[in-house]
Amino acid sequence: MNTKVTTQPSKLRQFSQSDFFYYFIRNKTVVVSFIIFLLFILLAVFAPLFAPHNPYDLAAIDIMDSELPPAWMAEGSRNFLLGTDEQGRGILSTIIYGLRTSLAIGILAVFLQMVIGIFIGLIAAYHGGWLDNILMRFADIQLSFSTLMVAIIISAIFKTLFGAQFFSEYALIILVIIIGISEWPQYARTIRSSALSEKKKEYVEAAKVMGFKPFRIMFRHILPNCLSPILVISTVQIANAIMSEAALSFLGLGMPAEKPSLGSLISNGFDYIQSGQWWITLFPGLVLIFLVLVINMLGDWLRDVFNPKLYKG
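If you read the sequence shown in the working numbering, its first letter stands for residue -8, the second for the next number, and so on.
It should be emphasised that the hints constitute simulated quantities derived from the structure, not laboratory data.
Hints are not guaranteed to be accurate.
[Unchecked claim] Keeping only pairs whose Cα atoms sit at most 30 Å apart, straight-line, the calculated DSSO-like set for lysine-lysine is:
no.: 1; residue 1: Lys190; residue 2: Lys204
no.: 2; residue 1: Lys204; residue 2: Lys192
no.: 3; residue 1: Lys2; residue 2: Lys250
no.: 4; residue 1: Lys204; residue 2: Lys191
no.: 5; residue 1: Lys150; residue 2: Lys250
no.: 6; residue 1: Lys2; residue 2: Lys19
[To be verified] Okay, the calculated beta carbon distance ranges per label pair:
no.: 7; residue 1: Ala95; residue 2: His118; range: 32 to 40 Å
no.: 8; residue 1: Leu33; residue 2: Leu284; range: 29 to 37 Å
no.: 9; residue 1: Gly202; residue 2: Leu30; range: 47 to 55 Å
no.: 10; residue 1: Pro39; residue 2: His118; range: 25 to 33 Å
no.: 11; residue 1: Asp131; residue 2: Leu49; range: 28 to 36 Å
no.: 12; residue 1: Phe41; residue 2: Leu218; range: 40 to 48 Å
no.: 13; residue 1: Gly202; residue 2: Val36; range: 41 to 49 Å
no.: 14; residue 1: Phe11; residue 2: Glu249; range: 38 to 46 Å
no.: 15; residue 1: Ile148; residue 2: Phe15; range: 51 to 59 Å
no.: 16; residue 1: Arg69; residue 2: Val36; range: 22 to 30 Å
no.: 17; residue 1: Phe136; residue 2: Ala95; range: 42 to 50 Å
no.: 18; residue 1: Asp295; residue 2: Phe110; range: 26 to 34 Å
no.: 19; residue 1: Glu193; residue 2: His118; range: 13 to 21 Å
no.: 20; residue 1: Ile125; residue 2: Lys191; range: 17 to 25 Å
Fair warning: this is a prediction, and the values are worked out from it, not measured in the lab.
Ideal placement from N, C-alpha and C gives every residue a C-beta, glycine not left out.
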């Protein structure tokens, strides 16, 4: 008697045959954007390997090398391909390390936004009633202000409570908290809308009949079915968080000069444009533009693929 053994295809094979991969591979713009974004990630993660110099190492910085133009210009140096800043640090090295800082702030801030927003949104949708009204009215109040205004207010509170030195020392963590607190209502409203529709489905009623606790129903059953719009928002919010940090840097509330991010590099070099040292601001600015552009393009494509009806840009 012949017996046929059927084997399930591997997860990699299933993914390669999925509609998601099909639409991805056919969109050349998205593929290029994804490759560029991966390159940015690799540069950020392995910054010490790719950067010609360490901008944090004071022993490797010579003030005599300050404000050198890019290497292809008359007074440029081969040691500094994109020139140097006012402290003698190579622009290329500071960009690579600044890219790491900006991406860290963007990703961690979005993670904090997501945790706060999902928790509040699920509780509001599941319990409803007066609790839903209070939480959503609070979210509406915060949404009535611009993100930058909320971030400025929170930054001022942090600086007043802990002092400028403490703010400078723990700037990355503080900026993550500031930007995270400023943007959570986007997640809360989106997850609430998705959870309200999921809440009425039979599997939720079955979980209640089986005696599962509300916390388990919310996070083990409802949440996994609400992740598509969350993925789209998270992609776009990373770009928004990076831009928020850059805006705060222009207001003197971003990363300090000794711990550069792309935003602080642009801000620090802005004063030197009039004196002719345009490269100090131009190159970090171009990298920031390309980084935000590719992230937004990926986010727009994900929005089209998943088509979350409740997403607001």
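Here's how the hints hold up against the structure:
1. Between Lys190 and Lys204 the alpha-carbon distance is near 14 Å, which keeps this suggested pair within the 30 Å criterion.
2. Our distance criterion of 30 Å between C-alpha atoms is met by Lys204 and Lys192, whose separation comes to about 17 Å.
3. The suggested pairing of Lys2 with Lys250 is violated, with an alpha-carbon distance near 41 Å, which exceeds 30 Å.
4. Of the supplied pair hints, the one linking Lys204 and Lys191 holds, its CA atoms being roughly 17 Å apart against a limit of 30 Å.
5. About 18 Å separates the Cα atoms of Lys150 and Lys250, which keeps this hinted pair within 30 Å; it holds.
6. Between Lys2 and Lys19, the direct Cα distance comes to roughly 24 Å. Compliance with the 30 Å bound is thereby established for this hinted pair.
7. In this structure, Ala95 and His118 meet the distance hint of 32 to 40 Å, their C-beta atoms being roughly 35 Å apart.
8. A hinted range of 29 to 37 Å is violated for the C-beta pair Leu33 and Leu284, which are about 18 Å apart.
9. The hinted range of 47 to 55 Å is satisfied by Gly202 and Leu30, whose Cβ atoms lie roughly 51 Å apart.
10. A hinted range of 25 to 33 Å is violated for the C-beta pair Pro39 and His118, which are about 49 Å apart.
11. Here the CB-CB span from Asp131 to Leu49 is close to 49 Å, at odds with the stated 28 to 36 Å.
12. The given range of 40 to 48 Å is broken by Phe41 and Leu218, whose C-beta atoms sit roughly 33 Å from each other.
13. Look at Gly202 against Val36: about 45 Å separates their beta carbons, and that is inside 41 to 49 Å.
14. A beta carbon spacing of about 43 Å between Phe11 and Glu249 agrees with the range 38 to 46 Å that was offered as a hint.
15. At roughly 43 Å, the beta-carbon separation of Ile148 and Phe15 lies outside the given 51 to 59 Å, and the hint is violated.
16. Between Arg69 and Val36 the CB atoms are about 27 Å apart, so this pair conforms to the stated range of 22 to 30 Å.
17. At about 26 Å, the beta-carbon gap between Phe136 and Ala95 misses the expected band of 42 to 50 Å.
18. Our hint of 26 to 34 Å for Asp295 and Phe110 holds, since their Cβ atoms are close to 28 Å apart.
19. A beta carbon spacing of about 20 Å between Glu193 and His118 agrees with the range 13 to 21 Å that was offered as a hint.
20. Between Ile125 and Lys191 the beta carbons are some 22 Å apart, a value that agrees with the proposed interval 17 to 25 Å.
Taken one by one, the earlier hints fail for this structure at numbers 3, 8, 10, 11, 12, 15, 17, listed in ascending order.
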